[in-house]
Every structure is written in C-alpha cells, then in structure tokens.
Amino acid sequence: MTEGTAFKFGENVDTDLIIPARYLNTSDPEELARHCMEDADPTFGSRVKPGDFIVAGANFGCGSSREHAPVAIKAAGVACVIAKSFARIFYRNAFNIGLPILECTEAEEIPLESRIRVDLQEGVIKVVDTGKVYRARPIPPFMQEIISAGGLIPYVAARVKR
Amino acid sequence: MQRIPQTITEKILAAHAGKEYVEPGELISARVDVLLGNDITAPLAIREFERIGVPVFDPAAVVLIPDHFTPNKDIKSAEQAKVMREFARRQGLPNYYEVGRMGIEHCLLPEKGLVGPGDVIIGADSHTCTYGALGAFATGVGSTDLAAAMALGETWFKVPESLKFIFSGKLGPWVGGKDLILHTIGDIGVEGALYCAMEFCGPVIEDLSLDGRLTMCNMAVEAGAKNGIIAPDKKVEDYMRDRARRPYRFHASDPDAGYKKVYEYDVTGLEPCVAFPYSPDNVRPVSKAGDIKIDQVVIGSCTNGRMDDLRLAARVLSGKTVHADVRLIVIPGTQGIYLQALREGLVETFVTAGAVFSTPTCGPCLGGHMGVLAKGERAVATTNRNFVGRMGHPDSEVYLANPAVAAASAVAGRIISPEEVK
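As given, the protein sequences belong to chains A and B, one line each in that order.
The numbering of the first sequence is the numbering used here, which starts it at 1 and goes up by one.
The numbering of the second sequence is the numbering used here, which starts it at 1001 and goes up by one.
Hints in this document: simulated from the structure, not taken from any laboratory.
Hints may contain errors.
Unchecked claim - Pair ranges (Cβ atoms, derived):
| id | chain 1 | residue 1 | chain 2 | residue 2 | range |
| --- | --- | --- | --- | --- | --- |
| 1 | A | ARG34 | B | GLU1419 | 44 to 50 angstroms |
| 2 | A | GLY77 | B | LYS1019 | 41 to 47 angstroms |
| 3 | B | TYR1021 | A | GLY77 | 44 to 50 angstroms |
C-beta: ideal position from N, C-alpha, C; glycine also.
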C-alpha cells in the first residue's frame, strides 16, 4: 500500500511528452528524470515526490519505443502509472524495467492532484478524501512473474543459468 | 486434423512458436530471425544485455545502425554511438553499418536483404513494423526486450487480433501510400488498432509499389498497432530475388480467417491528406488545409525517404524554386538511395531548387538535429509523428504529408496541393 498525489494527464500521452528526444543523447536515469513530462507540464519535475502517481487516459505511452520514457518516470520517483489503457510497447517496457502500471477503465475519474492510496497487489485505488474506490484490471500472471523476478533481465538471467 | 483458418500474422507467429496454429490473445514464445537496435536504444539494451552474462545468440541476427543522432550531433551522442560500435566489434556483429555505409534503419534493412517474407523481426524502434510490407511479422519493442532476445534468440508475444483494411477504387494523381495510411489513421484514430495487427489488402494495395507499401506498414504503429502487414506477391518476390540473405517464406491469410473488424475504403476521389498538429489522426484533405504558412519542409525519414518518394518530390520541384521564406531539407533513406538519386539527376533538381540534400539520418523527424524548429515555427514533413515538440520547440508545429504535397508546399511557402504548383 502506498499513498501519494495523483498527477493527471490526458489521453494519448506520447513518449515525446514523457521524455522529449532532445534529451535522448543520454540513458542516465537521473538526468532523464529531470526532464520527465517537461513538455506536458513544465512544473511536474519540481513538484513530483517519491511515491506520487501519474494518472492518465487511454493509450498512455504511445509513439516511440524509447524505454527512456518509463525509465524517466521511474527515476522521477513515480510509484505507479494508472491509465485507462497503455500503448503496447510502453506496457512491455514498464514491466521489463520494473515500473508498476495499472490499467483502470475509470482512471479519468480520479480527481486532479488528489491524494490516493494504491494497493498494487490487489489493484485497488482509493481516493483518500472521499473514500471512493476504483479497481484496476488484474496484472496477467506472466507479467506477475517478471515483476517477482525483479524485471525481465533477472528473469532471463535466471533462465539462462538453469 | 481439422483445418483452422489463420491470418498471415497468426501463421508467421505459429511457425516461429513451433505450433500448428495460434489464437489471438494466446501468450507464445517465438523465435526471432532479426533483432534491431539504433544509437538511441541500443546503448540501453547493451547495458541490460551485459547483466545477463552470455554472448549474443547469433551475431548475424543482430543488426545495429547508428541513424538517429548521427553523424554524431554532440558529444553525448558520440558517446552513445561509441558504446554501440564497440559492442558490435566485441561481439563480432557483421551487420553493424557505419556512417557512410548506413541508412535509416527501416530503409536499409529491406535494401540489404536482411529482412524478408515470413520473418519475425523485433526492433528497439517503434517503426520496425515497416517490414510487414514484405510479408513479415515485425514489431517495435523496448531496449530491455531487445537485450533479452539478444541472449535467448526468442521473445514472448501476445498473439494480436487482426484488423483487415480493404482498399478498392482508383488512386488519383499525387495520392499514394502515405495518403492511404493517413486516411486510415484519420478514420480509426491513434488508438484505433491498439494491440492489433493491421492487415492491408485489396486491388489498390496490389497495384501499390513496394515503397508505398513500406510507407503504409511503417505508420501502423501510429494507430497503436502491434504490426502492419501485407501479403507478399510478385513485387516482393522480384525485390527479394537478388538480395535475400536467407531463405524466405510466403504466407497468406486464409479466406475464412477471423478478424476483429473489417474496414472497406473506396479511395476513388481521395485527395492527398495532411495530418495537422498534434496528432497523426488529425487528418484533413489538402484542399481543406486553409492558409497555413510554413518555415520548413522535410522530405525523408523511414516513412518517405525511398526512391519513389524522392522521384515524386523531384517531379514537383523540377524547374521550380523553393519559396524565399522556406528551408527545404531532403534526406535520402540510405547511401544506396543517395547514389541512385545522384545517378537520376534528382540531387541536382533539389539543390538547384534551393534545397539542402543531406546524408541519411533520422535527424529532424524526432527533433534531433539537421532541422530543429524554433518556437512558433511550422514545418510540413513527410515523417510520421506531429506530437508536441516532435521536431523541436514545444510551441512549433509539424504537418504530416506525402512527398508531393511537401515539395509543392516548399515552393508555395504554405500548404498546397501539387496540382496548384505553378
């Protein structure tokens, strides 16, 4: 269970918004984190605190395959991205690098910058002020395995050693 | 045994998963024939790969191309390119293409015969879906997926549902693959094919050149698709004959295969299309563009940097001059295309008209270099994305169009149809 502020973004948040290509001449997570969501909300980087959330509409992470996008979000301290749906490459990338994400059809109803409590295991999102509860789609078992292994690379490394 | 009807996508995936057939939604582990990385995505993949502690499963299967920020645009980019170059040397990768011999990856791989019909290809670049035009299953992944597959020679997929797009009618002048795909994305939206395979077919596709088909499959990801695909035919056979590096295999969808949805478009009377900022689905016919003054035009990219595209642009620009207020940047997709454009006199046409003719690079498409936009500037580009800040300043704008519209707009200084070029 983790509690934080819900930073809200709209539909079709593309990877150029999450981390503009002008910063892709590095893959250093800390440096990428400094520019996370910069073109969507220039104040995000200075306001987001470890344990906060990104909440968005459909097709979050569309566009480029750049893994720098989930890396930047994770390094910015975001505990979980909650969206109505995710673009498929972003979806894979997030699990692979260990950034928790939840698909929730009612994500857009979560109030702007409200405090929310999220149970990742159960996929339950609770708005602290109102007590309103939202349910996310369960994480598929295969993705659970990747999470339990600590990401795709430890998962593969264990397999290669067997 | 009862025959189970399959789409082309399902057949290719089944063949690579060692199965008779697969079903949409099924999670499979599939063998990959080709794995691709570039100077932005490969360094991250290499870092992850080296944590696994095994060599590359098959050095010939891994293709690394410095194309995004190369020739190196700054010191950090140079360091990234160096990481990739040194890894290629260390692992003895024969398919690393250095600056001067490279091309934009999705133009280069087909040209070099590195990808072919029936292949499963993953690339740490979203436009990897381009190769579906050859009848391959090709899809973009992230760096960590690339790293894992470099070790294992396989990756996991959820078998996608397929959407079928049937194009009939007669294409008008100046209308091609770019317009067909923009029209389609405009219709279904940027999430219209989320997680799905987009299968393009019908008489218009059969008549379309291979370059036009590559443009269409290239932008499947702009509708959220996992892959775009076209059943291979004689055009593909002719293209592959002298360049294939490995045996290839033609697959086709069964007539009774299952689709999530079938779209039918009669494209007679379809005008050249323009996607307005800030989304590839914000599509209008060029006649409805209004009076949009522009500062820059980019002709090139993995979407429209092939011979057909350069010939089309040169036809419009021949004997014309680029508008005084416009910078026209023309970028051939590969060194091979560069040479062919020289031989055909196209480069002279571009330079005489007042254009820049560049070495192959993704450069401006993603706001990297070779044509970054300032605040408030507008560009018409034959590229694939017009998101906020895509080509530079967050307050700049990109209008996506075909090479003929881009060339015509460069002459006029505003978005116009090639029909209107005087």
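Each hint, compared with the structure:
1. A:ARG34 x B:GLU1419: 44 to 50 angstroms: holds (48 angstroms)
2. A:GLY77 x B:LYS1019: 41 to 47 angstroms: holds (43 angstroms)
3. B:TYR1021 x A:GLY77: 44 to 50 angstroms: For TYR1021 (chain B) and GLY77 (chain A) the Cβ distance comes to about 45 angstroms; the hint holds.
Checked against the numbered hints listed earlier, the structure breaks none of them; every hint is satisfied.
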